[in-house]
Amino acid sequence: MMTAYFASNPDFTSAEIRGVKAARSTRESYGDSAVGYVQVKRDGDICVVKARITPEHNVRQKCYAVICTCNETEETILSVQCEDCAAHLGGCKHAIAFLAWLHRRSEDPSTTSIECYWKKSKLSSIGTSKKFIKAKEMYKTPKHELVPTSLNTESFLTVVKNNCTLVGDTKNHLMKFYRAPSTVEKLSIHHLLSTSKATNPLDFIEYCKLIMTADACKGAAIATLEQNDCPLWHELRYGRITASKAYDAAHCNTLDGNKRRPFWEQVN
1 MMTAYFASNP DFTSAEIRGV KAARSTRESY GDSAVGYVQV KRDGDICVVK
51 ARITPEHNVR QKCYAVICTC NETEETILSV QCEDCAAHLG GCKHAIAFLA
101 WLHRRSEDPS TTSIECYWKK SKLSSIGTSK KFIKAKEMYK TPKHELVPTS
151 LNTESFLTVV KNNCTLVGDT KNHLMKFYRA PSTVEKLSIH HLLSTSKATN
201 PLDFIEYCKL IMTADACKGA AIATLEQNDC PLWHELRYGR ITASKAYDAA
251 HCNTLDGNKR RPFWEQVN
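In this text, residue positions in the sequence shown follow the working numbering: the first is 1, and each later residue adds one.
Since the hints were derived computationally from the structure, they do not count as laboratory data. Virtual Cβ for every residue (Gly too), placed ideally from N, Cα, C. Watch out, some of these pointers could steer you wrong.
Claimed, not checked - With a Cα cut of at most 25 angstroms, we get these calculated DSS-like pairs of lysine-lysine:
#, residue 1, residue 2
1, 50, 62
2, 93, 122
3, 176, 136
4, 120, 62
5, 136, 93
6, 62, 41
7, 120, 41
8, 119, 136
9, 176, 186
10, 120, 50
11, 161, 176
12, 218, 176
13, 93, 50
14, 120, 136
15, 171, 218
16, 119, 93
17, 186, 197
18, 136, 62
Claimed, not checked - Cβ-Cβ distance ranges computed for the label pairs, FRET-style:
#, residue 1, residue 2, range
19, 213, 79, 52 to 60 angstroms
20, 8, 116, 28 to 36 angstroms
21, 39, 171, 33 to 41 angstroms
22, 219, 155, 45 to 53 angstroms
23, 253, 167, 58 to 66 angstroms
With the hints as constraints, model all of the structure from the sequences given.
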């Protein structure tokens, strides 16, 4: 789509044969940091995307408005324009950078969660963020007196656990081994095998039916909307035998083939 648009649009068919300047405008290091406040409007087959892009030569200057119009059904770009910079009438670098940014976003893997692009661009934040913090700002909770070693008969892990509970730090890696699993975490095949006392497959299936209630499954669906960005999503997928794996194993012609090996590893 990008190549066809550049080749057919007179604003971008310049005398520069090698296209070095245009290629430099499409680089990821600039576009991903400069684009912000993205808005999308769909009207039938026409999709209009509007955003603000920070000028590279002056990041403190007012951001330029850029707009792209495309036909999603025909997969064609109708127009890309920068509305504010001095060179916008002749096809400026900001329009190229915005179009390249849209192209990269279209190649991102689809997820069930929607990332928000309505935010300030990273490039326009230069010079405004805090450069450093003082050590006293890193610790604001009141300090607790340490118990003398001679009077403390508890184990080291118990002391750490109690201190974590005392200061409210209950989400670290150590504390997860001391807390009871949630209803959603109990759906993990690893947890089911560890807690089940079944001696045969039928008893284990009946035990799974007791744990895998409709409410628990709905909670798991909500908790794993981010899919591969969610640790719980990987935990619930661990050790499962899907229909696609069984199909691949059944149609594998090699006894120890790559399609059959993962299936037998999970069964055993």
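These are the hints, each one checked on the structure:
no. : hint                             : result
1   : 50 with 62                       : 16 angstroms, holds
2   : 93 with 122                      : 18 angstroms, holds
3   : 176 with 136                     : 29 angstroms, violated
4   : 120 with 62                      : 12 angstroms, holds
5   : 136 with 93                      : 45 angstroms, violated
6   : 62 with 41                       : 24 angstroms, holds
7   : 120 with 41                      : 20 angstroms, holds
8   : 119 with 136                     : 31 angstroms, violated
9   : 176 with 186                     : 13 angstroms, holds
10  : 120 with 50                      : 14 angstroms, holds
11  : 161 with 176                     : 10 angstroms, holds
12  : 218 with 176                     : 23 angstroms, holds
13  : 93 with 50                       : 16 angstroms, holds
14  : 120 with 136                     : 30 angstroms, violated
15  : 171 with 218                     : 23 angstroms, holds
16  : 119 with 93                      : 22 angstroms, holds
17  : 186 with 197                     : 15 angstroms, holds
18  : 136 with 62                      : 36 angstroms, violated
19  : 213 with 79: 52 to 60 angstroms  : 53 angstroms, holds
20  : 8 with 116: 28 to 36 angstroms   : 33 angstroms, holds
21  : 39 with 171: 33 to 41 angstroms  : 35 angstroms, holds
22  : 219 with 155: 45 to 53 angstroms : 34 angstroms, violated
23  : 253 with 167: 58 to 66 angstroms : 59 angstroms, holds
In this structure, the hints that do not hold are numbers 3, 5, 8, 14, 18 and 22, in rising order.
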